[in-house]
Amino acid sequence: LSNVAMPDQEVLDLGIFTPRQRDVHRIVRDALPESLSIIGFGGAIGGGKTFLIAKLAIQFALDYPGSRLLLGREQFNNLKTTTMEEFYRILPPSLYTKNDTDHWCKIRTPNWPKGLVSTVFFRGLENWKSLGSEEYNFVGIDEGSEVDREAVLMLLTRMRHRLPSFIQERLESQCPE
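The numbers in our numbering rise by one with no breaks, and the one at position 166 of the sequence shown is 166.
The hints are simulated quantities; they were obtained by calculation from the structure and are not laboratory data. Check each hint, because a few of them may be wrong.
Quick list of the computed label-pair ranges, beta carbon to beta carbon [said to hold, decoys possible]:
#1 Ile90 to Arg26: 30 to 38 Å
#2 Glu85 to Ser173: 16 to 24 Å
#3 Gly132 to Ile16: 18 to 26 Å
Straight-line Cα separation of at most 25 Å, DSS-like style, residue types lysine-lysine; simulated pairs [to be verified]:
#4 Lys129 to Lys114
#5 Lys98 to Lys114
#6 Lys80 to Lys106
Glycine included, C-beta positions come from ideal geometry on N, C-alpha and C.
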């Protein structure tokens, strides 16, 4: 991911990727605009799966202002003590406002136009049908083997959030086909 939407923003150091994490990052970075990438990333305990999901979500939110992201896991309590905790450990507090009751945060940098934010929602996926009218442009699922296949298929249909028009126009001008 390369800050294509707001090239003048400060580049943050969010940590270093392992070689396998770099492979996944490269797939996301090289995806064509408005394409859909489905990536499965597995491995042993301590392989960096949770870190990767958190870091990719943060980078996506910063690189594509106006995004709506979902970070999920089958049980919210497990998400809260893993992915959500890792997300807030990595993201500098100066870049977000969070709502602990409804489990979302708004991310923005000071140089973004007023009112422009990316929103990250943290959800348990045990009641996945309740997400049926949502729209996202990034979904990260931790411990995917725990999640119902139907939940994943439904979330694919939720991948339809459009960025604000002026951000979309900037992307199109910077990434010609």
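### Message
To test your reading of the hints: which numbers does this structure violate?
### Response
1, 2, 3, 4
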